[in-house]
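A.B. asks: Listed below, chain by chain, are the residues.
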Amino acid sequence: MLFSATRIDNPRPNEHVVFFLRRHPIVFLKPILLFVIQCAVGIGLALFLYYTFPDFLNISTIYAVAIILGSAYALLTWLLFFYGFLDYYLDTSLVTNVRIINTEQNGLFSRVHAEQYLDRIQDVTSEIKGLFPTLFHYGTVYVQTAGAQERVTMEQVPNPDIVAQKLLDLIETNRHAKIVN
Amino acid sequence: MPLAIFLIPYGLFLLCFFIFALFALAHLFVFGEKNFTTFLATFLFIVASVLVLNTSWNLLVSIDWKEPVALIASLL
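If you're matching them up, the sequences are chains A and B in order.
Numbering follows our numbering, in which position 91 of the first sequence is assigned residue number 91; successive positions increment by one, without gaps.
So the mapping is simple: our numbering equals the position in the second sequence, first residue as 1, plus 1000.
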């Protein structure tokens, strides 16, 4: 099932999307760098073998093994890069006027889907820690709920302080609306 | 022992690659958004995979797979 960022699965009455969050784009630089390094290593090794042992490739056994290994390496590198993209792209946080829906993709076979209703939230804190997060202004937003329930963590989101403030405003508006009703 | 023996592990690798690639694409379709980025990612992944597979095929097809495997000791 394909969904858009503004569509909610099993929406509650009068529920609408307030904002949609994904990790900061700079976070995707890590899989890109890894992919570039893997490509450089592969191409470098191929060129090294080609220029250092040019006669070896004339031997059909070595030529066949080299082509097979090169093909497998290229496909594996590409697949790992695509997995890196999925890990980035499928981590989302959807904030509605009723709840927070946080989805985290950990590899291919682990997906954590957490929901917290705004009226159960007790505290929202933001954290910017490290050189890159400080430079590019991204960080973690912690949403603490009442009781022993696990807190929702929005990792590496852009402008975490603004997100935390918006969440607090939304919680306040939600509580006020409940009191009025 | 013919050179074709090397095609067995390569075939197994390709099978694993296709399974994992299908899993990845299925994840993107099931959990991804319906937008241009999803389309572009799917398109680029398939195109690049086909390019690598096509290049590999073109290089592998010229090899005589019935030729016996030369042992390392005999090469040196």
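Hints listed in this document are in silico derivations from the structure and should not be mistaken for laboratory results.
Hints may be right or wrong, so weigh each one.
Pairwise CB distance ranges, derived in the manner of DEER restraints [as the list claims (entries may be wrong)]: (1) D123/A to F1023/B: 34 to 42 Å; (2) L1053/B to F132/A: 23 to 31 Å; (3) L45/A to W1065/B: 19 to 27 Å; (4) T1037/B to N58/A: 41 to 49 Å; (5) N1035/B to H16/A: 52 to 60 Å; (6) K166/A to K1034/B: 20 to 28 Å.
For every residue, glycine included, the Cβ atom is placed at its ideal position computed from N, Cα and C.
A.B. asks: Could you run down the list of hints and mark each one as holding or not?
C.D. replies: Hints, verified against the model:
1. Distance hint check for D123/A and F1023/B: the Cβ-Cβ separation is about 38 Å, which falls inside the suggested range of 34 to 42 Å.
2. Distance hint check for L1053/B and F132/A: the Cβ-Cβ separation is about 36 Å, which falls outside the suggested range of 23 to 31 Å.
3. Our hint of 19 to 27 Å for L45/A and W1065/B holds, since their Cβ atoms are close to 25 Å apart.
4. Our hint of 41 to 49 Å for T1037/B and N58/A holds, since their Cβ atoms are close to 46 Å apart.
5. Against the hinted window of 52 to 60 Å, the Cβ-Cβ separation of N1035/B and H16/A comes to about 19 Å, which falls outside the hint.
6. Here the CB-CB span from K166/A to K1034/B is close to 26 Å, well matched to the stated 20 to 28 Å.
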